[in-house]
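If you count the sequence shown from 1, position 215 lands on 215 in the UniProt record's numbering, and the numbers rise without skipping.
Please keep in mind that the hints were generated in silico from the structure rather than gathered at the bench. Ideal Cβ placement from N, Cα and C applies to all residues, glycine included. Treat the hints with care, as some may be off.
As the list claims (entries may be wrong) - What follows is a list of derived Cβ distance ranges for each label pair: (1) Glu247 x Arg79: 29 to 39 Å; (2) Ala78 x Thr153: 25 to 35 Å; (3) Asp186 x Arg79: 14 to 24 Å.
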Amino acid sequence: MIDEIVMLRHGRTRYNLEHRLQGQVDVPLDIVGQWQADMSGMELARCYYWAKASAMAADPGLVPKAGEGQRVVFQPEAREYAEAPASRRCMVVVSSDLFRARQTAHAFADLVHAPVLTDERLRERGFGRWEGMTRDEIRAMDAEAYDSWKHHTGGELAYGVEARERVGERGAAAVRDWLADPRFVDRPATLVLVSHGSWIVATIGTLLAADPDGATILGAMRNAFWCRLSVHRTLNGAPCEPRLELEEFNVGPAIADSCDWGNGPDYLRSEDMGVWRPVSR
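With the hints as extra help, turn the sequences into a complete structure.
What follows is the structure, given as C-alpha cells:
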C-alpha cells in the first residue's frame, strides 16, 4: 500500500534555458539537464537504496554472480535479499510520457532496477498557442493577456492555455488512481512521479484542497528537484480515504547548494551555450 509519494521535476531543456514555454512540446533534456537528472537520480538512489535490494529480492537474476572459471570464495545468495527487511517494500516509478520526464525518471529508476511506467495525465500544463514562445514574445503579442496570466486572472485561456484548475484536477485524479491501484496493496510502497513544474504545483494544491492558483505561493519548482508527501489512511484510529501531507517541497541534491545548479559545471558548457538566469516577473 503506497504510503509515500515523491514528485520529481525533469531536468533542464533548451526551452528552459531560453525561457520558452514548453507545455506539451516534446523537448529533450539538454546536456546540463541530463547532468541535473543524473545528480538527482544518484541522490535519490542513495536515499532509496532499499528499492534496489527489494528489486533483487523479487528477481534473483539481478543478483551479481562471479564469472565462470574464477575461484569463487563466496557467491552472493538471493536468499540474503529475500530475507532483508527491504524486500517488504516496493518502489513504483511513473513518468509523464514526454521524453524529458522519461529521461529524468530513468536516471533514478535504472539505478534501483525499477521499471518506468508512463501516464499521460502527468504531462505538463498545455500552453496552447503560447507553446514555444518566450515571455517577451507573448508580452509583445498581447500584453494584457500576459499580465492577466501573471496575475492569475485567466487571460491566457483565450489562447488555448489549459486552466490551472484543470491541470490540478487531472493530476490529482492520476495520483488517486495510483494510490488505489490493486497491484500495490500487498506491501508498503513508495510512489515516484516524474513530471513537470506547473503540474507538480497544481497537483499538490488540489490534493491539499487548496486553490490551484493559490498553490503558487509554494513557489516554482527547480529543474530536477522534488517534493515528498506522506499518505495517511486512518483518522483517529479509523480507516479513511487517503490523506496527504506535504513533508518536503522543492528539495534537491546536496551538490545543488555548492554549484551553479541552473547552468551546470564548466566542463559541460560550450562558449555559445548561453547562460540560464531565473525568470524576472
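Quiz item: At the C-beta level, are aspartate 186 and arginine 79 separated by a distance inside 14 to 24 Å?
Solution: holds, 21 Å
Self-check item: glutamate 247 paired with arginine 79, Cβ distance criterion 29 to 39 Å
Solution: About 34 Å separates the Cβ atoms of glutamate 247 and arginine 79, which means 29 to 39 Å holds.
Quiz item: Range hint 25 to 35 Å: satisfied by the CB atoms of alanine 78 and threonine 153?
Solution: Between alanine 78 and threonine 153, where Cβ atoms are some 59 Å apart, the hint is violated.
Checked against the numbered hints given earlier, the structure breaks only hint 2 and satisfies all the rest.
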